[in-house]
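Can you build the whole structure from these sequences, using the hints too?
As given, the protein sequences belong to chains D and Z, one line each in that order.
Going by the numbering used here, the first sequence opens with residue 1, and the numbers climb by one from there.
Going by the numbering used here, the second sequence opens with residue 1, and the numbers climb by one from there.
Treat the hints with caution; some may be incorrect.
Each pair of labels, with its calculated beta carbon distance range [as the list claims (entries may be wrong)]:
(1) Z:109 <-> D:102: 28 to 36 Å
(2) Z:85 <-> D:604: 36 to 44 Å
(3) D:528 <-> Z:109: 50 to 58 Å
(4) D:615 <-> Z:85: 30 to 38 Å
(5) Z:85 <-> D:308: 23 to 31 Å
(6) D:348 <-> Z:109: 35 to 43 Å
(7) Z:102 <-> D:339: 36 to 44 Å
In short, the hints are calculated from the structure, not lab data.
Predicted model only: the values in this text are computed from it and were never measured.
No residue lacks a Cβ here, since even glycine has one placed at the ideal position from N, Cα and C.
What follows is the residue order along each chain.
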Amino acid sequence: MTTDAYTRPGKGAGELAGATDLDRGAPAGRTAPAAPGQTRGPAPVALLAVAAVLIGWGMAAADPHQIGALGIVDALDWRYVAGIVALAAAFVWELGAARPRTWLLASATCALVVAIYGVSPVVEQTSRLPTSWRHAGFINYIHDNGTVLHHYDARFSWPGFFAGVAVLMNTAGVGDASHLLLYASVVFMLAYLPCLAMIFRELGLSRRATWLALWLFLCADWADQEYLSPQGTAYLLSLVVLVIALRTSGRRAPVVGGTAVGGTAVGGTAVGRSASGGAARGRRDRLRALLEPPPPALGPREQMALLGCAAVLAFAVVASHQLSPPLLTLLLVSLLLTGRLRGRGLVLLVPILFVGYFTFGAVDFWSGHLSVVTGDVGGVGGTVNQTLSNRVQGSPTHLRIAFLRIVVVGVLFAGAAVGSLRRRRWRLGAVAQAAAIAPFGLLALQSYGGEALLRAYLFALPFLCALCAAAFLPAPDPDFGAPARRRRRGGLARRRPRAQTAGSGEDTVQMRIRRARPPRPELSRRLSALLLVVCTGAVAVQLICRGGNEEFVWFSHEEVAATQELYDLAPAGSTIGVLNGFFPGQNDDLGRVSLVNLESKCKPVVDPYQCALQLKPDYILITRAQDAYGRESESRPEKWAAADAASLERSAGYHRIRNSPDAIILARGVDGGLRTSRVDASTRPVLSVDQEG
Amino acid sequence: MAAWRSRTVRVTVLGLLSVLVPLLEAADTGGVVRVVLALAFHATIPGVPLLLLTRLDSPVLLACVGGALSVALTIVGAQLMLWSDAWHPLGLVVVLALVSLAALAVDFWRGRPSAARAGSERAGSVRDGLRGSGA
Numbered sequence: 001m002t003t004d005a006y007t008r009p010g011k012g013a014g015e016l017a018g019a020t021d022l023d024r025g026a027p028a029g030r031t032a033p034a035a036p037g038q039t040r041g042p043a044p045v046a047l048l049a050v051a052a053v054l055i056g057w058g059m060a061a062a063d064p065h066q067i068g069a070l071g072i073v074d075a076l077d078w079r080y081v082a083g084i085v086a087l088a089a090a091f092v093w094e095l096g097a098a099r100p101r102t103w104l105l106a107s108a109t110c111a112l113v114v115a116i117y118g119v120s121p122v123v124e125q126t127s128r129l130p131t132s133w134r135h136a137g138f139i140n141y142i143h144d145n146g147t148v149l150h151h152y153d154a155r156f157s158w159p160g161f162f163a164g165v166a167v168l169m170n171t172a173g174v175g176d177a178s179h180l181l182l183y184a185s186v187v188f189m190l191a192y193l194p195c196l197a198m199i200f201r202e203l204g205l206s207r208r209a210t211w212l213a214l215w216l217f218l219c220a221d222w223a224d225q226e227y228l229s230p231q232g233t234a235y236l237l238s239l240v241v242l243v244i245a246l247r248t249s250g251r252r253a254p255v256v257g258g259t260a261v262g263g264t265a266v267g268g269t270a271v272g273r274s275a276s277g278g279a280a281r282g283r284r285d286r287l288r289a290l291l292e293p294p295p296p297a298l299g300p301r302e303q304m305a306l307l308g309c310a311a312v313l314a315f316a317v318v319a320s321h322q323l324s325p326p327l328l329t330l331l332l333v334s335l336l337l338t339g340r341l342r343g344r345g346l347v348l349l350v351p352i353l354f355v356g357y358f359t360f361g362a363v364d365f366w367s368g369h370l371s372v373v374t375g376d377v378g379g380v381g382g383t384v385n386q387t388l389s390n391r392v393q394g395s396p397t398h399l400r401i402a403f404l405r406i407v408v409v410g411v412l413f414a415g416a417a418v419g420s421l422r423r424r425r426w427r428l429g430a431v432a433q434a435a436a437i438a439p440f441g442l443l444a445l446q447s448y449g450g451e452a453l454l455r456a457y458l459f460a461l462p463f464l465c466a467l468c469a470a471a472f473l474p475a476p477d478p479d480f481g482a483p484a485r486r487r488r489r490g491g492l493a494r495r496r497p498r499a500q501t502a503g504s505g506e507d508t509v510q511m512r513i514r515r516a517r518p519p520r521p522e523l524s525r526r527l528s529a530l531l532l533v534v535c536t537g538a539v540a541v542q543l544i545c546r547g548g549n550e551e552f553v554w555f556s557h558e559e560v561a562a563t564q565e566l567y568d569l570a571p572a573g574s575t576i577g578v579l580n581g582f583f584p585g586q587n588d589d590l591g592r593v594s595l596v597n598l599e600s601k602c603k604p605v606v607d608p609y610q611c612a613l614q615l616k617p618d619y620i621l622i623t624r625a626q627d628a629y630g631r632e633s634e635s636r637p638e639k640w641a642a643a644d645a646a647s648l649e650r651s652a653g654y655h656r657i658r659n660s661p662d663a664i665i666l667a668r669g670v671d672g673g674l675r676t677s678r679v680d681a682s683t684r685p686v687l688s689v690d691q692e693g
Numbered sequence: 001m002a003a004w005r006s007r008t009v010r011v012t013v014l015g016l017l018s019v020l021v022p023l024l025e026a027a028d029t030g031g032v033v034r035v036v037l038a039l040a041f042h043a044t045i046p047g048v049p050l051l052l053l054t055r056l057d058s059p060v061l062l063a064c065v066g067g068a069l070s071v072a073l074t075i076v077g078a079q080l081m082l083w084s085d086a087w088h089p090l091g092l093v094v095v096l097a098l099v100s101l102a103a104l105a106v107d108f109w110r111g112r113p114s115a116a117r118a119g120s121e122r123a124g125s126v127r128d129g130l131r132g133s134g135a
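Put into structure tokens, the structure is as follows:
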């Protein structure tokens, strides 16, 4: 099928710009052999190779026990830093070439994914995040029993993702889902990239700006939701739904002089022509065609098929995660309002599926707790306050990291505002602006345990990054950039007499058309230097923002072994107490033993020691990560967990059955015998959500 | 001819994946190879074969939507098994593989050289007719 196979008269010049699309129909710059001087030669390739070696060397040499209050940054040395600088330099150098090589930019972006999202698993060698271990437990339960554990956890009311991974485990012959946790972040991020690239292209970004926006996204996603989780998968599926929505809906036909523009594709180059009018109007239309985002070069059958796929994806999102469907709906509504949604049924379908599933499929969740679901409606201020008060607290270093995250969000919004202003002259519409704001409408509906703001940010992030990239590279194609304009102004001044003799008499239009011609100009040195600073600085900030919690979200081999030992040791019906949720457990035996979070179980009492005295669980697991979380996030004193363990031994009849630097196991018993005291099942956290991150 | 060859390769690879993975799962063997094949299976089957029928011209779009559709169908299928209290992961994999094989067969049949030649001849005659009528 050729590019113009589905172009139809009356669809507008916007449908004709597909020749420069990232993935459809190779652009001239990619197919034509690059002339000497238009690429950067082997230098960026060498720089990329050096970066890969340095980053790999730096990660291999890092010691996880060096991770401190500043997070993963504490464990990294000059080799990693030099590697990141070399990587950013290779990326920006290639980005500035007249003909950037796609494979090189793709390699640099993938290297960045490994550098940012692969650094934790490579350095730590164990799966991070306590929530991911819980998810492994849910998956294992479904894998072993073929059903969910009712009235156990809210997440079992949306078991689609867990059940899907259980099927995958069965297919792969893997017996424990915790084996899938380690590199899940890297896999998810690599899966997001092509979807994001297509979204950016559909928003009208140039190829350069698309790569820059991808880099910014990787450096701004500090929300840490891309682990083996329902929200990570729902995010991926939501991105694909957005791709489909944008791809199946072209911009409305631009009106020129009151007449809809028709068009045709000539020789694979985007060219538009008006239905009537002279040469000047034809040129103006060609210019508009070049400014338009990629068209939906799809026939009705393809569009229907893709919209059908979107419906299936929407159902999978609804069955997997409770918060993603409202966010997806808000984004689709924003596309509808800005005229970029042809399949309007999607806007109705997603909420209908969501409400239907919630009503009939999540009865365990809402029965008896409906006030929790509806209690936050309209309370935007309360939701924001809850989110900030949950996260902006703790030790001075932790506070600085939390503030840095807020600053990053502020900078992104400021960059998006600048990008919006700079794009305005290109008349590219308000799609990205609307989509960047729409997810925050969720704050009026739900606080989600103080996480709604975080999730809204995550869904707005692609659009914020697109606008930020447009702040640097606003033109839809590099040929329209300011440096190009300056460069061409000289050339055009020399050629003007010839143009005037052509007889059109409209110099202005002719000049604009000339700007669109290849070869593409290189970026100016000043802009390249600015981009290098931004790209390098963004990685540094991201390592602090995303890796800032690393001290309490990573687990040593000793902690993993101690937790496993406790699960093996504890008899059926016994209770295991933990000082807080930061331990690598609950990946097994969900129904066999009861887990008690001593920090949240006895509210309003928040002291785990006091709660342990009240509940007297059979075993208490104390880990290094729990101690670090209390110290960094709750301003508890140094070695508070060890002190609590000693106090429990003295006053509550516990004795140590394991004592190592990273883990202590206390058992309550008299003369070696164990008194089981199962905590009332009705007090289980049926409405629990991930609040550990 | 090159298009036919690439189509044959594509159909062969996806077809082998659709056949091998259920067999390995049924035999409960395979080790690391089985893990790799299982990941590839759930990332492509049956989404990519189904979308091949629509003849999308963008490989990136095909990969993204095809992969996401495969994951989504696995999730939806697993959810339905939970709801119906009939947990048969192998059964779901077999169903997905059968759907994939059917889609691949249709795609292969449509794209065989004789069909492609007939299609191009039909298109040519239509073009000639239009030219002759002055349209």
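Any hints from earlier that this structure breaks? Give me their numbers in increasing order, please.
-> none
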